[in-house]
Structures are given as C-alpha cells and as structure tokens.
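What follows is the residue order along each chain.
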Amino acid sequence: MHAATTVHADHVHDHIHPAPEGFIRKYVFSTDHKVIAFQYFFVGLFFLFISGSFALLIRLQLFDPAGKFLSFDTYDSMFTMHGTVGVWLVVIPLVTGALGNFIMPLQIGARDVAFPWLNMLSFWLFPVAGLILFSSFFFMTPHAGWTEYPPISLSYGVGTALWCAAIICIGISSTLTGLNFTMTVVKLRAPGMTWTRMPLFTWATFATALVNMIATVALSAALLALFLAVVFNVPFFDPARGGAPVLYQHMFWFYSHPAVYIFILPAFGVISEVLPTFTRRPIFGYKVIAFSSLAIAILGFAVWAHHMFPSGISPWLQLPFMIITYAIGVPTGLKVFSWLATLWGGRIRFTTSMLYALGFLIAFTFGGITGIFLAAVPADLHEHGSYFVVGHFHYVVAGGAVLGFLAAVTYWFPKATGRMLNERLGKLGFWLFMIGLTGTFLPMHWLGLEGMPRRYASYTYFAATHPDAVFWNRVETFSAFFMAASIALLTINVVWSLWRGRVAGRNPWGARTLEWTIDSPPPYYNFKKIPIVFGRPYDYTEPLPYQNLDHDVDPYPAPTAASFPLPAPAGAG
Amino acid sequence: MSTKPQMIEPKGMGPGFWPVMIGLTILNVAIAAVILYTPLDWILPEEWNPVADRAADIDMLFKFMGVFGSAIMVYVAGFVLYAAVAFRRRAGEPSDSVGVQLHDAPKLEFWWTVIPTALLIVLVVLTVQVWHRIQFGTVAPALTTEVVAHQFNFEIRYPDWQGSVFSPPGEMHLPVGKPVRILVTSADVIHQFWVPEFRLKAAAVPGLVQNLNLTPIRTGTFDIACSEYCGVNHSKMQGKVVVESPEAFERWLAGERAHATTAASVSLGGGDAAAGKTLFAQKCAVCHAVAPFEQKIVGPGLLHLTDDPKHPKLVDGKPPTAANIAEILQNGYTGDIGAMPNRQANGLSDKDIANLVAYLASLK
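Those protein sequence lines, which keep their order, are chains A and B. Each residue of the first sequence is one higher than the one before, starting from 1 at the first, in the numbering used here. Each residue of the second sequence is one higher than the one before, starting from 1 at the first, in the numbering used here.
Fair warning: there could be bad hints in the mix.
To be verified - Example chain B residues on the side facing chain A (calculated, C-beta under 8 Å, incomplete):
1. I190
2. L200
3. E256
Think of the hints as simulated: they come from the structure by calculation, not from any bench. We put the beta carbon where it would ideally sit given N, CA and C, even for glycine.
Bound conformation, chain B alone (with noise of 0.2 Å):
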C-alpha cells in the first residue's frame, strides 16, 4: 500500500507557457505572410494571377482559412511537443510523481471558447460574402454555354446558335472578360464538371441544370476534368476549356458554322428501317418512347412524329420532314422541353442518321 503521491507543481502557468507562445506566434505571422504576399500557384492554380473573376473571391476565402487554420495548428502541434518535452517525468521521480491536480481554469477556457467562436463568426461572414457573390451576384450573362456530360465526354453547346455544329466535342471556347453562364446537366449518370483554375463545379446530374456564372478574367487553356466516378472510363473523362479574345472568339465562330453549313446535308437515300429500330432501341429509347407525344420519358413519344395533327410542326417548328429531323439528329436541339444531344454525342455517322429518319418516317 502506498501513501499519497508526491505532486510537483509548478508556478503560475508553469515554465515556459509565455516563451512558447510569443515563439509561436512569431512563427504564424511569418506563416501568414507567406501565405498572404507569396504566389500559392504550386497549391492553388493560378493563385497569383486569377483566369476568374470568382477565383479571387475564393482563393480570398482559402488564405483567411489558411492563416488561421495553420495558426491553430502550430500552436497546438507546437504545444503538445513543447508539453511533451518539458512535461516529461525525469530521471530520479519516484514512480509515483503525479503533475498538477487541477480540473479547471475557467479564464483560460473562456479565452480559449470566445477566440475560436469569433474567429469563426467572421469567417461566416466572409464566406456567406463570397458564396452569395458567387450564386446571385452575376450581371445579365453575355454568353450562355450548355454542358451535357456523357458517358465518358463532355458535349459543349451553345444555345445562342442553334444548329451549329462544334468541334472537336469537349472543348468549351470562351471570349476573355465577357460574363457567361453555364448550364450543367447530364445525359446519363451523375458527373461533375470541374475547372479547377475557375474554382469551379457542379455535378452534372441527369434530369437536373445546374446554372454557373462566372467571367473569365484571363486567356488560356485549361483541363476540364470529371470529379465524380462516372464509370469505368471515368479516369479518361476530360475535356479543355479555351479563354481567348473575343476577336479569336468570332474568328473561331465562324469557322465552326461555316463547317456547319457546310456537314448540313446528310444524304438520306436508302435508309434501312429496321436498321433504324435497332438504332433508336440502343440510343434513343432511354429517352423516347414509341408512343404518343404525351407519353414523356426525357423527352416527347415519336409514335406519330409525321403526322400527329395536335403537334404539325416539329420542336424547330420546322415541318417534319426528313430533311428537318435529319438535322436535328445532327445537331441536336435545346429548347422548352429539355436538350436533344447532336451526333457527337450520340455518336451517329451519317448512315445512322439515314436509318433512323428511316424508321422514324415509318412510324404511323
């Protein structure tokens, strides 16, 4: 049986709780600069020289985060090894040596409760800032963009032109200092849709469209890279975005609906129809039924997409000739109802689109 251990107190807040502090300190300050007056670019991609208007906003929000949160991890990490050392039992205690038998120290924990708890209020504040600049805060867009993602590739469209075709698929061109937004949305699972040096992303959710604003502040390249696991060929899953002048912009405009014009007519003579329904069961079924129009699944049943009286005119409000649907299959639509992918994005050659406006005429 032994008596009651012996305590070996030591004064005040104890040795060295003030040097270690003022130590720490000086160290988080030198952290904070660094963070705050260097390039983060090897961290935060194109940190220094922002390519988007809410990038700055951001990487605002990320350093606030980093000076502080790095500021709190050394003083922890740097207490508990400065505790670890000069707490340590020496050689010669009894065995029994015990520290200081105190429970409570409720100055210190009231400091250590209201700096956090303040701390973290102003960065509620900023981030509510940051985040409602980021959803609301857009003027009148100069450029919408769609984003349909696929299994495994980006389709970009541009609704301002319909009809156009654009290629290669997955590369988004984008005028400099012009505000443009994004619509999202998926024709198959859920993807993500992610530019890290705009700090931006969305999931690309089928049945959903999910609206980015942002203005590209800077020209450039940069990888578009699908962020949530979208099957087996996710890791391939990329595409470019492409911020030039606006000048550049036009130029490639026009290229893209001269080639438009141009690929327009797809020759429909001898179109198999039963090639077609083999066809229209692979890519098309999941979203149209042979039905009615009102029987819906994405979009309308293509039963009578020749000669339903209620809907004469087809979703262009051209008439439904096989020449008009030929072109929507080739450059698919967006409109009321939703979007209709092109031929990239369903991968139909030009004998595809035969057969199908083939099988699509014999439907009665």
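Here chain A stands alone, though its shape is the one from the complex (with noise of 0.2 Å):
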C-alpha cells in the first residue's frame, strides 16, 4: 500500500514458520491458538452436555416433593457434579478458552498468544481434569455441593480428594492463561493499537486476564489445604485440633467471587461487539465501558465475604463487604446503561446473535439486581441458602455468561469456520433457551423467599405448607427442558451448517474489528503483514482505520450477501 507502512512491518517482525505437518501437531498437540480454541469449545460442549444432564436429573428429583426418582446419596452427587462441572468445565473453558483464545489475539492483529506451549498446557489440563473427576465415579463422588466446604465434605473422603485434585489441575490452567493473555494483550498489539483503541472484547478479555491471574492462586490454596485435610487428616479446619472451618470459606471464595467476574466479563464484551455491529452504531461510552471492566475487575476483589453473611463471621466485618458490593452496582449499571444507549438511534439488524444479545441485556439485568438484594446483610440473613441464591446466579451463568456466549457463537461462527450458521434454526434456538430461562429460573426467587432451602432432595415439608411450591417446581422442571432442546438445536445447526452452511466471506456482518478483515477460517499465522492501526474500531461512517492489511477489504465494510436474506427485509439492496 504505502512505502513507509511496508518500513513499519519489516520492523515488526516478517519471518513465518510453516505450518505444522501431520494430524498431531496440527489437531491435537497444536500451538495455534485458534486450534487450542476448537479444542476449548468441543470440551466445553461435552461437558456443557454432561453437566445439562446432571441438571435435568436434579430437576426431575424436584418434579415430586418426596424426591423419589434419585436416592437422596445420587442427588446429592448430582447437584454437586452439576455445579462442579458447570462452573469449572464448561463456562471457564468456553468463556475464556474457546473465545478469549479465538478473538483476542484476532482482534488485536496478533499471530497468537505470547506464549503459544503454555496456552497448549493450560488447554490440555482440562481433560486431565476431566478424567480426574470423573474417575470418582468408579469410587465415591464428591457430594457437598461444588463449594465443599468442610467439614461435611471431609466425610466423603476419595470423592472429595479426586475433586481437590481435579480443580487445582484447573486452577493451574486458569492461572497459566491469565498470565498468558495479560502478556499477549501487553506485548502483541498491532502498532498503533493503544489502549483505547483496542476492541471492547480485548479488553474484557484483559480484564478477566488479570483476574484469572491473581485470584486463582487463593483456590489452588484453599484446595490444597482442603486436600491435605482429607487425604493426611491436617487440621485446618477441624476446631477440636485448633482449625476453623470458616477459614476455607474465606479462601474459597476469595477466589470464587472473582471467578463470577472470569464468567460474566467476557460476556459484557461479546456484548460491547456485537450491538454496535447489528446497531450500525458506535459503541456508546467506550472508555465508560472499557474501564468499568477494570474497576468491576478490581473491585470484585474485596466482596467475597458477601458469600458468608450468615456463616460466623464479625458482624462488624458484615459492612465494607456489603458497601463494596453495592458499589459494583454502579460500573455495571453504567454498562448496561451504555449498551441500552447504543441501541438508541440504532438501524437494528435482527440476527441471532443480536436476539441474544437482547436476551442478555434483560436477563443480565435481572441478575444485577437480585444480586443487590443478595448483598444487603439484613435481607441474605434470610435469602442465604436458599432457592432465591439458586435463581440469582442461574440469571447471571445462564442468562448472563451463557447466553453471552450463544451470542459470540452465532456471532463468530462465520469467521471461525468459513460457514454461516442457520439463522432460521438459531433463532428458533433462541426463544426455546429464554423460555427455558425464565420458567426454570424465575419462579425459584419467589420459591427462596418463602422459605425453601436448596440442596433438598426431597421438600415434602415444605410442599405440606406452600401448595404452590409442587406447581412451581414443576413449571422449572419442564422449562429445564426447553433449555436442553435449545442446546440441542445449537449442536445439530452448527453440525448441519459446517457441512451445508452458505460461504461466509471475509466479513459477513460489515464487523470493523481486525479479525474481519482477512480469511474465514483465518489462515494459520492470522495476519502475513501486521496491520496498523490508527482508530477505534466502531465508527461506521469513517473509513475502515487500518493499514498494511493482507487484502484490499471494503473501507466501508456493510453486510454482504451472505448474511441476507434474513437480516434483511424485502426490497433491501
């Protein structure tokens, strides 16, 4: 293109290996992040349907209130491994691994991750994890619940050891991929792309980065020590020998609470990519947006003894943990004010991934608020433990993290494969899982309230004086399964479209990121020249803000065909 902008990648770096010969190297035991990130999504997916499952049982437990469809000892290891598995399996590795592997060093016009063998590493400790866990099945499952706290969990000894054992494998990887992010996003950006010119996703990739990085060390301790307790009998939390069960708490949720952090801000910036895109609008309040990332990040960890209000600690303690919590209130609401304001004065385009995201902003927004009501000590004292803690953080991992991530699915699957999903199918996938949402979730809040206690596998007492409690818990129990056929219908469309889908194209939906502006799948080694960058990525009347770009792209990127018909009304050019 120019002379002075062929000086600018010669300087950069200009030698590129080729790509690597033979299955293993290339499928398997690969380097490229965008492999590792496949890798991601599929264990992410096995498990997501594994841990499905394991919530469809639970929910056919609670179908009738003496719970006789599971013995009480299978429920309890069900709901365990659900939550287990759901939180450590499934959202950590399709939030952070399969997306914030794919876009961000895409997004960011790097070649990979700064340290490509440790993100193969950290991927490859997640079926170590896998096996781990559920090797004790052939043993004794874990069964107090995904927080073992001890000391109930020290009576089921082999099943709380493999899991121990399991989380740190996880732990270890979190911690690995924190750092390796922080560094890609530090070391790697493109000339030119400063910190506020970086796409939002970037950032809140960066900012779980830093969170993955710090926090994840307190969960390797507080497991570890748990491990040492059941396995060598330490007494760490054992008050007969000078323990105190109250300090795992403290450990585990100093991690824990972040970790909701590691879930959810992916998710805000697969959101702060995807309005602006089907809007036609700049992002609203970008830096707004990109800090609070930040302070939501930084913030989050001084609120985890909010998990412990009622669990012996000072009462005196009770307060900044409250006031701080409160506090977080207000970056997220800017956030989701923000996006509420890039919708306004928008030319909306109605594709799946948008309808998710709209999903997002009413669910997530839902979830904020219960967690408000969480966060008062008076009003935990008797919402602690209970259904409504159940609804809340359904509404912030499947209304907010899940549904994030059904956005970027149906959002980045072109790029990612070459191939258009099926919008008529992603959309009907769309409103089964928002059904299936609201009936399994909604009426769990109100179910809390009133008095029903989680973890019951049977609540006979409590249907004997809440006639309404059988209705309700049946509602969720058949909405449960609107949620599974919507995951079902993602699995056969994505399965169906890699096979029969429309070519994508370089950049099906006019996105302005840099991951559209060269090949879908993208070639290995992303970008032959790194591009140059001299704006942000969200003004849809200037001229795309990039040089050097391996082909000559549209400077004013618009969706093309294969993104029509479906986006487009009738008569549309």
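Take the two lone chains and join them into the complex the hints point to.
Written out as structure tokens, the structure reads:
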C-alpha cells in the first residue's frame, strides 16, 4: 500500500514458520491459538451436555416433593457434579478458553498468544481434570456441593480428594492462561493499537486475565489445604484441633467471587462487539465500558465475604463487604446504560446473535438487581442458602455468561469456520432458551423467599405448608427441557452448517474489528503482514482505520449477501 | 468498494423517548404501590402481619429494594423492547444504512451515574440502620435458648432450666412478646438454622457459638429448616418453633420439668463396662479423650473422672458419683467449658447410660 507501512512491517516481525504437518501436531498437540480455541470449545460443549444432563436429573427429582426419582445420595452427587462441571469444565473453558483464545489475538492483530506452548499446556490440563473428576464415579463421588465446605466434605474422603485434585489442575490452567493473555494484550498489540483503540472484547478479556492470574492462586491454596485435610488428616478446618471451618470459606470465596467476573466479563465484551455491529452505531461510552471492566475486576476482589454473612463472621466485617458489593452495581449499571444508549438511534438487524445480546441485556440486568438484594446483610440473612440464591446465580450464569457465549458463537462462527449458521434454527433456539431460562429460574426467586432451602433432595415438609411449591417446581422441570432443546438445536445447527452452511466470506456482518479483514477461517499465522491501526473499530461512517492489511478490503464494510436474506427485509439493496 | 454509508438520524433524544419514559414511570408507580400497599405474603411469609420484630425491619428493606430494583428492571427492559421495535431496520433501507454516529452524551451519562449512586447511598444508610438494630439493638433477653445442630436434627435447650428434659427434640417454645436470645452451634458439621417467618438465619458451626436476638410478636407454629448442606438427610432436617402466650409457655415448661424429674432415675445396675467402652468410642471420643482432664478436645479428658484430686467435682458442682454422671449423660449440661448434648441428641438408651457410667467409673 504505502512505502512507510512496508518499512514498519519489516520492523515488526517478518519471518513466518511453515504450518505444522501431520494430524497430531496440527489438531491434537497444536500450539495454534485457533486450534486450541476449538479444542476448548469441543471439551466445553461435551461437558455442557454432561452438566446439563445432571441438571435435568436434578429437576426430575424435584418434580415430585417426595423426591423418589434418585436416591438422596445420588441426588447429592448430581447437584455437586452439576455445579462443579458447570463452573470449571463448561463456563471457564468456553468463555476464556474458547472465546478468549480465538478472538483476542485476532482482534489485536497478533499471530498467536505470547506463550503458545503454555497455552497448549493450559488446555491439556482440562481433559486431565475431567478424567480425574469423573474417575470419582468408580470410587465415591463428591457430595457436598460445588463449594465443598468442610467438615461435611471430609466425610466423602475419596470423592473430595479427587475433586480437589481435578480443580487444582484447572486452577493451574487458569493461572497460566491469565498470565498468557495478560502478556499477549500488553505486548502483542499491532502497532498503533493504543489502549483506547483496543476492541472492547479484548478489554474484557484483559480484565478477565488479570482476575484469573491473581485470584486463582487462592483457589489452588484452598483446595490444597482441603486435600491435605481429607487425605492426611491435617487439622486446618477441625475446631477440636485448633482449626477453623470458616477459614476454608474465606479462601474459597476469595477466588470464587472473582470467578463470577471471570464468567461474566467476557460476555460483557461480546455484547460490546455484537451491539455496534448490528445497530450500525459506534459503541456508546467506549471508555466507560472499557474502564468499568477494570473497575469491576478490581472491586471484585473485595466482596468475597458477602457469600458468608450468616457463616459466623464478625458483624463489623459484614459492613465493608456489603458496601463494596453495592458499589460494583455502579460500573455494572454504567455498562448496561451504555448498551441501551447504543441501541437508541441504531438501525437494528435482528440476527440470532443480536437476539441473544438483547436477551442478555434483560436477563443479566435481572440477575444483577437480585445481586443487590443478596448484598444487603439483613435481607441476605433471610435469602442465604435458599432457592433465591440459586435463581440469582443462574440468571447471572445462564442468563449472563451462557447467553453472552451463545451471542458470541452465533457471531464468530462464520469467522471461525467460513460457514454461516442457519438463522432460522438459531432464532428458534433463542426463543426456546429464553422460555426455558425464565420458566426454570424465575420461580426459584419466590420459592426461595417463601422459605425453600437449596440442596434438598425432597421438599415434602415445605410443600405441606406451601402447596404452590409443587406447581412451580413442575414448571421449572418442564422449562429445563426447553433449555436442553435449545442446546440440542444449536448442536444440530453447528453440525449442519459446517456441512451445508452458506459460505461466509471475510466479513458477512460488515464488522470493523481486525479479525474481519482476514480470510474465514483465518489462515495459519492470521496476519501475513502485521496491520497498523489508526483508530477505534466502531465508526461506521469513517473508512476502516487500518493500513498494511493482507487483503484489499472495503473501507466501509456492510453486511454482505452471505448474511442475507434473514437480516434484510424485502427490497433491501 | 462501497461509499460512505447513509446515516439516518433522529431529532433530539430520538422518537418516543419521553412518551416511553412517562409510560414506564407510570408502570413503576403502579408496581411500587403494589409492593408498598398490598400484602406480599405470597413471596415473603407473614409480611403483612409480622411475627417477629426484626421481620418488619427487614421487610421494609426488601420493599425499598423491590421498588427501586423493579423500577430499574422495568426501565431497562422497557427501553430494550422499545428500541428493538423503534430502531429496527425497515424494509427498503439500504443494506449499509447506519444509525446515529454519537459516541457520548455527557449530560445523560452524568444523570445515569448520579441517580443510581445516590440510590445506593440511600440504600447503604437504610441497610446499616437495619443491620445495627438486628446485630446490636437488643434489650436484655428475658429468655435464652440454645440450638445445637446435629446430623440431622436441631437439639433445643434452655440453659436457665438446667437438667430439664425437653421433648420432642427439635421443638423450640418461645413466649410471645419476650426478647429472646438464641445461641446457635453445631456438634458435628456446619448446618444452618433458618426460620423464614422470623427472617432469621445463622450457620451452626462446630467450635463457634452465634448469637441471635429477636422478639416474637405474634403466636404461631413455624418451621425451622437446615439451609446448609449437612449430609445425606439434609432435606429431612427440620424443627419447629412454637410461639405461644406466656401462660401457655409456662404450662409447657412446668410439664416438661415434671417430666424431667420423673425421668431422672435410670437404673444403673448391670452396667457393662466393655459395652460402654465401645459406645464411648462411637459417641463420646469425638469430644472427650481417655486422658487427664487437661487434654481437651472439645470437652475435658475423662481418664480420672471419679478420682482426680485437682477436679474433685463434676462440671455441675456435684460429686462424681455414678448417679450424678448419669444425670449429665441424660440431660446434658451447658457451662463455661461448652455444651454437652443430652441423651436425645446423643441417642442414648437407659442401657447405654448404664454401660457408659460403668465404663467411666472403671477408668483410673
């Protein structure tokens, strides 16, 4: 293009290794971030089926208050495994592993992450963790919930020990990924991509990586202590020998609250990319959205004890944790308002991805508001340990992280595979998911406030005084199958589209971040020439702010024929 | 190669901002009226006619959060749905049509930062007030009860009437209108003591005693539920609170104490020390070592229970005779050292007590 940019590109880096040969190096022990992202995606999806099946078994158990479907013992291991698998083998590999790995290096114009070998190691710890965790079915499964509070978890020795070993593997993986992504964003941004020109998904991934790098170490420490307690009888948590059971809860939640932000920040990033593309509006309040991710990540470290208000902590300790938890509402609210303002005055295209993003806005806001209810100490003393909590965090995880993930899959699938997903199936899946989400998790809020405790294999006593509980639990059970159907439909859609989907081309949505300037799927090494960046990727009436691109791309990208007919009403040019 | 896209720009705040704002505000006022002026018993048990002093305070907080939380939810959802309709791309619009190219609106952003922050500050003030009343604002309790959680029941005790047998286990009786202190702890794993109608919950943690205060203000019978996973029968771990008139409470108490005196004498003849030793390992060794007094686990070592010159008396100040040891095993004891569960909690039969006493007397 220009002489100056050629000089610049030489200066950056200019020798490209040949792509690896052979199946094993190419698809199994690959160091390519895109292949690793796919590996995370398939592992995460596999465990999503398992965790989802456990959830359906839980719901079938609660269809009838007497709880005769499973034995109490089996039920306990089901909710434990559902939570454990859902948190560590589904959401974390999908949102940081798959999305972060695939999108972030492409968005910053990098050829890979900073430490590709470390990235491969991070991934391979996941199947190892899965094998360790599921080997517990041959001995004794963990039973004490995904939080595994001692002393009760110590009564399920082998199960708890295997659980600790598995989650420590994931902890190590998360720490390494956090370090890797942090260094990638700091060091490998294309020339000209200043911090305030970075795409917002990359900002969110950066904030997530910081949390992963710092918080996960506390989890590993907590689980190591629990492991020693259960295997070698070390009395960390035994009050009779000078230990403290509540100590574990502090260490566990020091990670596990920030972990909620590990789930949700990438989803925030996805929404901040999807909304501008389909409203054809610059993202409203770029800096507010970017910096509020950091603010949430930092404040997220000082709220963990809000999970422990009734656990026996000093009343005075409750106050700062309550107030800081309220304070997180401010940056989160600013994000939601900025997204609303992005919709306002846009020209909205209702693709599947956009529908998921709109669903996210409503479901996540609801989950955020019930979070404030839980942060208020006196109110929490009523809600804690009830179905209100279960409803709240499923709105955040399923209504936030999973909806964000689905928005991302439907948005980046054409880039990752070169094929379009079927929009009709996608939209049907969206409505099934929203109906399922509402029907399953909304009634939990009032059941919890009425007094229904969580982790009950049978609620005969509660149904005796609250006849409506049976009705609402049945509604929840039916609705859960709607969500299952939605995920099944997504799977069918993915398989069908890989085989028969329309060819996507480079930029079917007319998006402006760097990944849409290269081929779909991206070639090995992503960018033959490292692009040079002159501005933010959200100004639809300006020419693309890049030079030194590999291809001659349209300076004003618009949705292409591949993304029609569905986003375009009849008569559109 | 396409050209600069066509921008379709609405005027002012855009079409419909104020009508939508006013419509949603009317809806919010209606929701607030429902929350504030109608019974919410269908979500918050006994909200309209509270059964404990703290419940009214906590429900006030719920209603405050309910009014403003639902308002924010309605505005967000309302504007999302309205925008989805009003700003959809119309038939016939060019495929590259773009929306308003606006990056910021400082005045708007100022208000949507300031208003929620101000609401949160009001919420902080309100919650801190309620929190302070609940945690510290108690008058001297007229009655103290103790809850010792076990897998899988709540043992209820009244330390003011030491030695009484209260039955059935897991039933707490409280006189209406009297301030009461409830001390909560656990004998094994972590449980939670929850009475939804009282808006009252505390974890029962081994090695820790939590202090709850309330005044029941209306009579009735309510469920106690365990709300922390505590093992396979977690979902079967419930108890009852019976709030009754002071007269009924006194009658119940008198009945229980009469029952206690008649139940006092267990026949200790034929106690088998060997069987007692086995039983001790199962039931007692968690808290008591067979070692000198000073080697405490939870309770003291019991090696020289009957012949320790430094500790010539039992914890209740009586001489260490077989009958007095049996009395503690039957009724439990709460003193400076801690809480010894009673026979219901430990599941001890008359025969078990006789065997244990025989074994303890044999330790020298």
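Tested hints:
1. I190: At 6 Å from the nearest chain A Cβ, B:I190 passes the 8 Å test, so the hint holds.
2. L200: holds (7 Å)
3. E256: Violated: closest Cβ of chain A sits about 24 Å from B:E256, beyond 8 Å.
Figure legend: structure checked against the earlier numbered hints; the only hint not met is number 3.
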